[in-house]
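K.L.:
These are the residues of each chain, in order.
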Amino acid sequence: MKNKIILPRGAWYGDINILYFVPSDWQIENFSIPAPQIFPDQAIAASLLSLKTELEKHKPGSVLIVTDDLTRPVSLQPILRPMLEILHQAGFSDNQISFLIGLGSHKALTPEMVAKKLGKDAAARYRWYNHQPAETEETEVVWGQNRVKLNRHYLAADFRIVVSGLTPHSFAGFSGGAKMLFPGLADMPTIARTHKSVLMGFMGQLGETANNKFRNLIEDFTRTVGLEYFVGVVINGDRSIHHIETGDFIEAHRRAAQVARKLYLHNGVAEKGPFDLVIVNAYPKDTELLQAENAFIPIKSASRPFLKEDAIVLLTSECSDGFGHHGLFEPDGLLYRPPKPLNFLKGRQLVFFSDSINEHDFYKAYHEQDKFFSDWDELVEYLTGKLPENPKVAVFPQASLQLTE
Amino acid sequence: MSIQDDVLKFLTDDTTDNETGNPGPDDSLLEAGIIDSVKMLELIAFIEKTYGIKVAEEDLFPENFDTLNAIETFINSKK
Chain A
1 MKNKIILPRG AWYGDINILY FVPSDWQIEN FSIPAPQIFP DQAIAASLLS
51 LKTELEKHKP GSVLIVTDDL TRPVSLQPIL RPMLEILHQA GFSDNQISFL
101 IGLGSHKALT PEMVAKKLGK DAAARYRWYN HQPAETEETE VVWGQNRVKL
151 NRHYLAADFR IVVSGLTPHS FAGFSGGAKM LFPGLADMPT IARTHKSVLM
201 GFMGQLGETA NNKFRNLIED FTRTVGLEYF VGVVINGDRS IHHIETGDFI
251 EAHRRAAQVA RKLYLHNGVA EKGPFDLVIV NAYPKDTELL QAENAFIPIK
301 SASRPFLKED AIVLLTSECS DGFGHHGLFE PDGLLYRPPK PLNFLKGRQL
351 VFFSDSINEH DFYKAYHEQD KFFSDWDELV EYLTGKLPEN PKVAVFPQAS
401 LQLTE
Chain B
1 MSIQDDVLKF LTDDTTDNET GNPGPDDSLL EAGIIDSVKM LELIAFIEKT
51 YGIKVAEEDL FPENFDTLNA IETFINSKK
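The listed protein sequences derive, respectively, from chains A and B. 1 is the number of the first residue of the first sequence in the working numbering; add one for each residue after it. 1 is the number of the first residue of the second sequence in the working numbering; add one for each residue after it.
Bound-form chain A, shown alone (with noise of 0.2 angstroms):
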């Protein structure tokens, strides 16, 4: 074995490269991001100026801040300092300026893990919250025959910042903006009714904003509440930061998007297929397993197949806090199914390799038929004996981030 591919892993946990040999035949096509171009901190501090003006407009006695979590790969520390040094010459002291975690039902954070997407200073000095479904009020928002219900300090902050990251997002079109009030900061019963709406094919588009059904509903519902400011982050590669856009939850999102889509997107893919084995990585979004399926999101997105029909597909998942946790998804959650062969494949086969969780765990998510590898070389030795020689193989290193034309 003289080939060899490297696949980041670890996001929040490390974040290395981590090299893996591979049979010598193997003819390989790496679809990486392009090499990271650093959004510098001044420019940071000057998109940030707006919120100045805002502030100025508003005159707000108090400050809530609305993150994403964990799953979400945006480390926050670079706009946070910026924006809250902003805050207190503004003449907020540190009592008036809160944080609130946008979790929708996944799991609550940690003070650790609070540390890693604030930072360990800002974590240490403000209040934090981690959203709960039940800590919610009715809003004026309307959807069926319900009334929609929000975060009670979102609903009680004087003034709202929403600082997220822009990942492709399987029916949001992308992360961030509209979408982290709205499932991110609402009751149980919206939250599973806008999942419940998307898996029933109602609305919802990978890749796309601009006429995007669920995002247009969502933004009519965030108008309702308020949102007095936005800031959306996209992210290289390698999780550093390539640009931020701020303003307006919609023209700033709309933007973010734009870039991120023109960053995130490979074009030729199928030129220069079919594949017989395509490497979907999960990172950066792989703490955990049930987010794992955000790795094929190139497959997902192919308008033209790239995959030979007896194609296999290779998901990898660092998988740093195990098995995840999602209200809705998990075992015994309200939309929670036995695993099936999941249908955009098309038959072929799905084999997973993660060496920090077990077969146990994989399994209630994953459907029987599917393979589940914790060791390189018994993976390799499995594929060898399943693809043809000289196979053609694409590798998708950051795959829950990259779309395809």
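Note that these hints are calculated values from the structure, not bench results. Just so it is clear, CB atoms sit at the ideal spot from N, CA and C, and this is done for glycine as well. Keep in mind that the hints are not guaranteed to be accurate.
Said to hold, decoys possible - Partial list, computed: chain A residues near chain B (C-beta under 7 angstroms):
1. Gly144
2. Leu199
3. Met200
4. Gly201
5. Arg337
Keeping the supplied structure of chain A fixed, place chain B upon it in accordance with the hints.
P.N.:
Just chain B, lined up with the frame of chain A:
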């Protein structure tokens, strides 16, 4: 056959791995794994053809299609 029998027959005709048995009138078809986005499209086409009604975009909510009772109520409201 009743509307519910027709719909259930349509939904389960090609289901070879129906491990959980037939759903009750108020059981969630989504949670039972009987419908997904692809099956939903087929169900809408089936309803439109069989009952001669039009399913509009504003009708597309889980409440109208997630149980056999809901589907029957929806179809009757459109007749």
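K.L.:
Confirm or reject each hint.
P.N.:
These are the hints, each one checked on the structure:
Annotation: interface hint on A/Gly144 holds; nearest CB of chain B at approximately 6 angstroms, less than 7 angstroms. A least Cβ separation of about 6 angstroms between A/Leu199 and chain B falls short of the 7 angstroms threshold, and the interface hint therefore holds. Annotation: interface hint on A/Met200 holds; nearest CB of chain B at approximately 5 angstroms, less than 7 angstroms. With a least beta-carbon distance of about 3 angstroms to chain B, the hint placing A/Gly201 at the interface is held under the 7 angstroms criterion.
Annotation: A/Arg337 was flagged as interfacial toward chain B, and the flag holds, the nearest CB pair being 4 angstroms apart, inside 7 angstroms.
Hint violations for this structure: none, all hints satisfied.
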